[in-house]
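Novice: Generate the whole structure from the sequences, applying the supplied hints.
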Amino acid sequence: MDKTLTPDMRTATDATLVPVRSSRLKRLRESDLWFSFRSHPSAIFAAGLLTLIALTAFLAPWITPQNPYDLSSLELWNSEIPPIWNAEGQWPYILGTDTQGRDILSAILYGSRISLVIGFASVILALAVGLALGLVAGFFGGWSDNVIMRIGDVLLSMPFILIAILITAVASASLPTGLKDVLAAPILIVAIAVPSWVQYARTVRASAMVESRKEYVQAARLIRVKAWRIMLHHILPNCMTPIMVAATLNFGLAILSEATLSFLGVGMPPDQPSLGTLIRIGNQYLFSGLWWIVVFPAIQLCLIVLSVNMIGDWLRDALNPKLR
Amino acid sequence: MLAFLIKRTANAIFVMLAVAFLAFVIFRFFGDPVEMMVNEQATQSDRAELRERLGLNDGFITQYVRFVVNAAQMDFGISYRNQQDVTVLIKDRFPATFELVLVATVISLVVGIPLGVVTAVHRNSALANVLQTGSIVGISLPSFVVGIMLILLFSVTLGWLPAFGRGETVDIGWWSTGLLTPSGRQALILPSISLSIFQITMVMRLVRAEMLETLRTDYVKFARARGVPRGRVHWRHALRNCLMPVITLTGMQIGNLIAFALVTETVFQWPGMGMLFIQAVTFVDIPVMAAYLMLVSLIFVVLNTVVDITYAWVDPRLRDDTARAGGAHG
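Residue numbers (the numbering used here), protein chains in the order written: chain X, 1 to 324; chain W, 1001 to 1330.
No wet-lab data here; the hints were simulated from the structure. Note that the Cβ used here is the ideal one computed from N, Cα and C, for glycine as well.
Derived, one-sided and incomplete: chain X residues facing chain W with beta-carbon distance under 7 Å:
#, residue
1, I161
2, A169
3, L256
4, F263
5, L264
6, N309
7, M310
Specialist: Below, the structure is given as structure tokens:
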């Protein structure tokens, strides 16, 4: 391991990088993962369903009959219309309307958009924090490792949902009323990310500890490669497989948590409802026979979480070297 | 072993002190405790006197130490909302939550273990596939959605079971139980089912995984070869060796179930600690929030520590420097 290796290593990586870039699609189509995906009908079904839900949610402003947030488009005489297959159903309210004349289908599509965005953002935030702290803890060790992992221990010794509720409660108690509703989504994203970064940090830390003892990392250190470069380019790629699986499953969990918080009344406010808020609102009419207000948002929520979990399940098996 | 015991206990105490710190910071710095306690007419000197009496003028460390000492004696002060002792409030609500969690745990074991054995033994059968798919559905169903659907089906449509409340309760000392009256038992059915759905799928998946491994071992093959009836091999010899992890999981999940019960309690208007906590969150009743946080974390930490120590006691290999080895797997 001497310095003469450096130029060789450079050219080697450059040479391999170029053809990979040009044929990424081809490589994907020939990969084991794609093959496994094609041979799992449940994974195809789940991916298709999730794509459909995401597309309809993000195209909501263009495909829904009304904008459920625009109060001027709501007509009170259109309220409490049952779904279309019912004798009293009315076009275009396919899934009926609520007590304010809001089209349920439109509300669901707009709500799904909020739920998906919050779930996704909180996973990304937790990943960024967890990977960074895990790399630092595993690579440098010492007191930084101690502090980070102790904080993680404390977070893991409280139930997930309790931490999230406390964060939203404290945030909304200390913010003025006007700001509270504007910041509802960012608060939720943070509240869900805080208890979930620990899992990523632990996984990355463990593999960073193993990798940093290996010769190639020591060689890289010897030739003065910067610490962040070793962490990002050499150690991180080695632990992405379990991270990918965990992130997928946590995406489902994040959507579930957001829905739970909103259902409990500490999440999204009623004027920008996520699926959880819609279920909370519909829950009030449970005994008045207006079942469609609560049932359809609930079904949509279950479909989203189910499809994410099915993809996560498939990914875990497909990437597990023991099962190959 | 003694060193491990001390280390693990010290760790647990550290975690509890950190949780107490968190609870203390929330208690002290979000909303002024004095403003929350006095009424509108209180004069400036009244407030100053109360501030002095509560010790809010003392140093930060002094106040934190006092908070910890009081918490250790189960003294969390007075609820801002209804001026009652927080400890009394929680003590009144604890039995409801405990019975709910207990029944949900029993249901999850009674249903989850047989399902796990069946899916493992008849691995490639249609039934096992249906159950395996069903378990993904079970994990994906939010517990409040399950609760709402159960209410819609059994209370609203069929009118068989009550949708809210605890029914009639009987007091045994300070413990109020709903298990002894017909209406109390009826009221318990829907909430405990909706709380246990997630737990059932977890137990089922764990038992299945353990059984699949055990069924490959030599002693099971030998028992089969010897002509021991299949049912006896599976349900008696194999299952017994799978129960240890199930017991561990169940023990460690009790803390989670207590926390998650707050969702179920909200759906079913169940008068437990969780409802108390959610109401406290709505009214920013911080002493109740702090007490609930400390209590649930304590249950969580104690169960985890007991499980760890038991494992180290059973398996000496886990004693040396488990913190690092454990971290590497987790």
